[in-house]
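My request is simple: use the sequences and hints to build the entire structure.
As they're listed, the protein sequences go chains Z and G.
Here the first sequence stands for residues 8 to 117, where the numbers follow this note's numbering.
Here the second sequence stands for residues 79 to 192, where the numbers follow this note's numbering.
These are computed hints drawn from the structure, not numbers from a lab.
Note that the structure is predicted; figures quoted are calculated from it, not measured.
There could be a bad hint or two in this list.
As the list claims (entries may be wrong) - Some chain G residues close to chain Z (C-beta under 10 Å, calculated; not the full set): (1) E102; (2) Q119; (3) G141; (4) F166; (5) Y181; (6) F183; (7) G186; (8) R188.
Backbone N, C-alpha and C fix where the C-beta goes; we use that ideal spot for every residue, glycine too.
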Amino acid sequence: GQSLEQPSEVTAVEGAIVQINCTYQTSGFYGLSWYQQHDGGAPTFLSYNGLDGLEETGRFSSFLSRSDSYGYLLLQELQMKDSASYFCAVMPGGYNKLIFGAGTRLAVHP
Amino acid sequence: DGGITQSPKYLFRKEGQNVTLSCEQNLNHDAMYWYRQDPGQGLRLIYYSQIVNDFQKGDIAEGYSVSREKKESFPLTVTSAQKNPTAFYLCASTLTGAANYGYTFGSGTRLTVV
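Put into structure tokens, the structure is as follows:
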């Protein structure tokens, strides 16, 4: 089976940096993805890591260590609009389906 | 503009009824998926389809059924056998074999049993 662990809630202030961790256990692994979901909305794709290392996209970066079964999403220069839930997701056995973690609710305060 | 359209946005079901949720995409994506989301929780996979006329069960398929007669369409039927259907249902699609492409999600259908 597969399991993903991520913190349930994170709080930060505007302009700060926050890191959301994700550890996983899967039978087979084809990469770690991150999605953002605002309340009542659809998830939107943020990033994908297929290999170890850091991927940077604007204010957001994502990191993967396959040997540690661990990854994180780094959000810099936080803005109020970044308040949302963030989900890590893995492809356990090929490019056929994503399994999602329970999500981390990020609250950004002034 | 290309995207995924889910309808209806809100749906109310009486006990013992079957209801069908619509999902249509014009992105020319091969793969389509149905997820269920309960309040404050993650997304759980119900069914997925890689090609027309073929689909596979996800982790929580019991009480649900799907069809994939056209590439653009992947409707989900919530049957009376699903004992706790109240949830937010999300449809998604992506290109097969493009792991870094990401999923595109529809805006969801919120189903409530009355």
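Please check whether G/E102 passes as an interface residue: C-beta within 10 Å of a C-beta belonging to chain Z. Violated. Min distance 15 Å.
Identify whether the interface hint at G/G141 stands, where standing means a beta carbon of chain Z within less than 10 Å of its own. 19 Å, violated
Quick one, is the G/F166 hint okay against chain Z at 10 Å, beta carbons? 8 Å, holds
With a cut-off of 10 Å on the beta carbons, see whether G/G186 makes it to chain Z. 6 Å, holds
Chain Z contact restraint for G/Y181 - C-beta distance below 10 Å: At 6 Å from the nearest chain Z Cβ, G/Y181 passes the 10 Å test, so the hint holds.
Does the closest beta carbon of chain Z sit nearer than 10 Å to the beta carbon of G/R188? Status holds, d = 9 Å.
Hint check, G/F183 versus chain Z [nearest Cβ-Cβ separation less than 10 Å]: Status holds, d = 4 Å.
Would you settle whether the hint for G/Q119 is holds or violated, based on the nearest Cβ-Cβ distance to chain Z being less than 10 Å? Nearest chain Z Cβ about 6 Å off; hint holds.
In this structure, the earlier hints numbered 1 and 3 are contradicted, and the remaining ones agree with it.
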